[in-house]
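Asker: Listed in order, the protein sequences are those of chains Z and P.
Adding 16 to a residue's 1-based position in the first sequence gives its number in the working numbering.
Adding 16 to a residue's 1-based position in the second sequence gives its number in the working numbering.
To be clear, the hints were calculated from the coordinates, so they are not data collected in a lab.
For each residue, glycine too, the CB sits at the ideal point set by N, CA and C.
Take these hints with a grain of salt, some might be off.
What the hints assert, rightly or not - No farther apart than 25 Å at their CA atoms in a straight line, the calculated lysine to aspartate or glutamate pairs in the DMTMM-like style are these:
hint, chain 1, residue 1, chain 2, residue 2
1, Z, Lys30, P, Glu29
2, Z, Lys66, P, Asp215
3, Z, Lys43, Z, Asp55
4, P, Lys30, P, Asp93
5, Z, Lys267, Z, Glu236
6, Z, Lys147, Z, Glu85
7, Z, Lys30, Z, Asp93
8, P, Lys147, P, Glu78
9, P, Lys147, Z, Glu29
10, Z, Lys66, P, Asp210
11, P, Lys43, P, Glu78
12, P, Lys147, Z, Glu236
13, P, Lys30, Z, Glu29
14, P, Lys66, Z, Asp215
15, Z, Lys43, Z, Asp60
16, Z, Lys147, P, Glu236
17, P, Lys43, P, Asp55
18, Z, Lys43, Z, Asp290
19, P, Lys66, Z, Asp210
20, P, Lys43, P, Asp285
21, Z, Lys147, P, Glu29
22, Z, Lys267, Z, Asp210
Unchecked claim - Some chain P residues near chain Z, calculated using beta-carbon distances under 7 Å:
hint, residue
23, Gly24
24, Thr67
25, Thr107
26, Ile113
27, Cys140
28, Leu334
Listed here are the chains, written in short residue letters.
Protein chains: 2
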Amino acid sequence: MAISLARGSIHLEKPVYISSYSSTAGKKEGSGPMGECFDRIETDSHFGQKTWEQAESRMQQETVYRAMEKISLTADDIDIILAGDLINQCTSSTYSIRPFGIPFLGLFGACSTMAESLITGALCLISGAAKRAVCVTSSHFSTAERQFRFPLSYGGQRPPTAQWTCTASGAAVLDMQTKNAPAIEGACIGKITDLGVCDANNMGAAMAPAAADTLTRWFEATGTSPMNYDAVVTGDLGLFGGQLFLELMMKQGYEVHPVYHDCGVMMFDMDRQDVHAGGSGCGCGGSLLCGHFLPLVQRGVIRRMLFIATGALMSPMLVQQGESIPSVAHLVEIVSGEVDENA
Amino acid sequence: MAISLARGSIHLEKPVYISSYSSTAGKKEGSGPMGECFDRIETDSHFGQKTWEQAESRMQQETVYRAMEKISLTADDIDIILAGDLINQCTSSTYSIRPFGIPFLGLFGACSTMAESLITGALCLISGAAKRAVCVTSSHFSTAERQFRFPLSYGGQRPPTAQWTCTASGAAVLDMQTKNAPAIEGACIGKITDLGVCDANNMGAAMAPAAADTLTRWFEATGTSPMNYDAVVTGDLGLFGGQLFLELMMKQGYEVHPVYHDCGVMMFDMDRQDVHAGGSGCGCGGSLLCGHFLPLVQRGVIRRMLFIATGALMSPMLVQQGESIPSVAHLVEIVSGEVDENA
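One chain only, chain Z, in its complex shape (with noise of 0.2 Å):
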């Protein structure tokens, strides 16, 4: 069973396994300093298709079958797969899913989804509704700036806040049998925030708020602090929205900093690779939590961690209209199965 110990933050009294996971990462993504934890680096940004869409559709179900493959599955042990990612009508997930037939629930949480897949999907188990899961999403820088800024070919200049959407993915399966893997134990689910942020070249600033309400909630929640996690990790704030993020958590008594880590930062040499602010979008924390952390929690260098993946729920139109983007930050604690042993 799951227990809430108060709205919206959730410890799991049996936990759920990260049973495997597994990341996909773009040109450029893997030539940044973390192109070594990667699955798969994909030279081609076109994933040898024909369009955009269709290679971002293509690069996630690459990354279902790499972690369903891992463990020696096939879609048919799956029960139930979990998946959003940014584009309009979570494009890119519908046409990767279509042909694996597995029961599907779309999500939409935009960079947030890596989180929200895991919260919802370790719930389903928890439920008793299924065994096994596939939590996934994806990115594509291609995609994202069409939709969300200018297409490519306008060649529109980037404002020193604006981030770089990452082109990667990162899928996880979850049960409640596997031991010494990863596990979720305890879960926060984000509440709307918007501090009244309008400019869609600063989402770090937008998102900041949600993702500080989310940790001190859990914070207050769990009675716990900084201290007792060996990282604490963002999705994509990037440099301005993650400098934020730790001074709202300062003002609620909380020094972040020490175990702080923001996958967007992390993602590219900052002053090699042109992208000002950072990385971003769903597959910038997705790849980095699949490729890089899971991999420490399994063994056993991080022991518990909490992965916090943010989302501007920016809709372009809204913005036009001159409305401000509300955020939401989703949490999820991650301990290594080790602990969990002798808990």
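Based on these hints, arrange chain P on the given structure of chain Z.
Answerer: Coordinates of chain P only, in the frame set by chain Z:
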């Protein structure tokens, strides 16, 4: 606990109650044959707002308020809200939910969203993660036409298979305590189905195979047949899609016709209201479930029903790229409190 009867088919050992529900409809929907069932009919299609998107958000928000008010709840009493809609980035839902401050899971299932939110909400409650959930969806004719087909002012001609996206919303409050309310006793999570329909003006045909797949899987998993239900209700297959659905079920050996209803066909007077193949949209099934069917279940007139909401997971961009329309259908089994008491 939930019991997995077969992949995606779930029986709830302890039912989840739909303790309150509310519906809102626009002027055209309100002057159709179902007009009397809605809690509120709004004659201003802008709902007092400046843009269509803001109008849809406002409609959805008011529907949630009314569902909570009916049982004297406020947003603070709700542990989690599950919402989605048709508009890019589920923007009607995120802006609608922003002021509530309720932990939020965003869903994307196109017109299947009402069923998807009821299923996901019920599983959250069953897992123990939440005590009370709100499930909501909406659609608006003017937001959907602009986004999926043509701007209204273009005056494009509509083929006979076209459906009319309903301006409507439905919201439900779930808990596990209230007795004598409609109860969710089972569910079947849909698989993505795609038989190659590429015509965005014939969504019923794209969605019918998904509905037939889900219902056949449900009958097989539960050993039931149409005669076990007082009503089998689809969300918005419309005249042509509904006919195709009945034929597909017939091929599987199930005569659904005697208990069959489609919200899209029920919503409008086909002779008088010029809607061609009927109503569609998340709000079509959502509002008639909450406005018409749940009250009948509450009064015991319907003792056991299946609500199957179908979604065309259509991306205008991929349809322009020549892709076919993947669809999904989620099924919810709803029984009257009375039946449950005697079970």
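Asker: Evaluate each hint against the coordinates.
Answerer: Evaluated hints:
The hinted pair formed by Lys30(Z) and Glu29(P) meets the criterion: a straight-line CA distance of about 20 Å does not exceed 25 Å. The straight-line distance between the Cα atoms of Lys66(Z) and Asp215(P) is roughly 21 Å, inside the 25 Å bound, and the hint therefore holds. Taken as a hint, the Lys43(Z) and Asp55(Z) pair is honoured in the structure, with Cα atoms around 13 Å apart against an allowance of 25 Å. Simply put, Lys30(P) and Asp93(P) have alpha-carbon atoms about 22 Å apart, close enough for the 25 Å limit, and the pair holds.
For the hint linking Lys267(Z) to Glu236(Z), the alpha-carbon distance of about 14 Å falls within 25 Å, and the restraint holds. In summary, the hint linking Lys147(Z) to Glu85(Z) is supported, as the alpha carbons are separated by about 17 Å, within the 25 Å threshold. Restraint check for Lys30(Z) and Asp93(Z): the C-alpha separation of about 22 Å stays at or below 25 Å, so the hint holds. Our distance criterion of 25 Å between C-alpha atoms is met by Lys147(P) and Glu78(P), whose separation comes to about 22 Å.
Restraint check for Lys147(P) and Glu29(Z): the C-alpha separation of about 17 Å stays at or below 25 Å, so the hint holds. Pair hint Lys66(Z) plus Asp210(P) holds up; C-alpha atoms about 20 Å apart against a cutoff of 25 Å. Restraint check for Lys43(P) and Glu78(P): satisfied, since their Cα atoms lie roughly 16 Å apart, inside the 25 Å limit. Restraint check: the Cα-Cα separation between Lys147(P) and Glu236(Z) comes to about 19 Å, which is no more than 25 Å; the hinted pair holds.
Annotation: proposed proximity of Lys30(P) to Glu29(Z) holds, straight-line Cα distance about 20 Å (limit 25 Å). Of the pairs offered as hints, the one joining Lys66(P) and Asp215(Z) holds, with about 21 Å between alpha carbons and a cut-off of 25 Å not exceeded. Note on Lys43(Z) and Asp60(Z): the hinted pairing holds, with a Cα-Cα distance of about 7 Å set against a maximum of 25 Å. Restraint check for Lys147(Z) and Glu236(P): satisfied, since their Cα atoms lie roughly 19 Å apart, inside the 25 Å limit.
Annotation: proposed proximity of Lys43(P) to Asp55(P) holds, straight-line Cα distance about 13 Å (limit 25 Å). Pair hint Lys43(Z) plus Asp290(Z) holds up; C-alpha atoms about 14 Å apart against a cutoff of 25 Å. With a C-alpha separation of about 20 Å, the suggested pairing of Lys66(P) with Asp210(Z) holds against the 25 Å cut-off. A distance of roughly 13 Å separates the Cα atoms of Lys43(P) and Asp285(P); the hinted pair therefore holds under the 25 Å criterion.
Our distance criterion of 25 Å between C-alpha atoms is met by Lys147(Z) and Glu29(P), whose separation comes to about 17 Å. Between Lys267(Z) and Asp210(Z) the CA atoms are separated by roughly 18 Å; this keeps the pair inside 25 Å, and the hint holds. Given hint, Gly24(P) at the interface with chain Z, holds; its Cβ is 3 Å from that chain's nearest Cβ, closer than 7 Å. Below 7 Å, beta-carbon pairs count as interface contacts, and Thr67(P) has one with chain Z at about 5 Å; its hint therefore holds.
With a cut of 7 Å, the hint placing Thr107(P) at the interface with chain Z holds, because the nearest CB-to-CB distance is about 4 Å. Among the interface hints, the one on Ile113(P) holds; its C-beta lies about 6 Å from the nearest C-beta in chain Z, closer than the 7 Å criterion. Here the hint on Cys140(P) is kept, as its CB sits about 6 Å from the closest CB of chain Z, short of 7 Å. At about 6 Å, the closest approach between the beta carbon of Leu334(P) and any beta carbon in chain Z falls short of 7 Å, and the interface hint on this residue holds.
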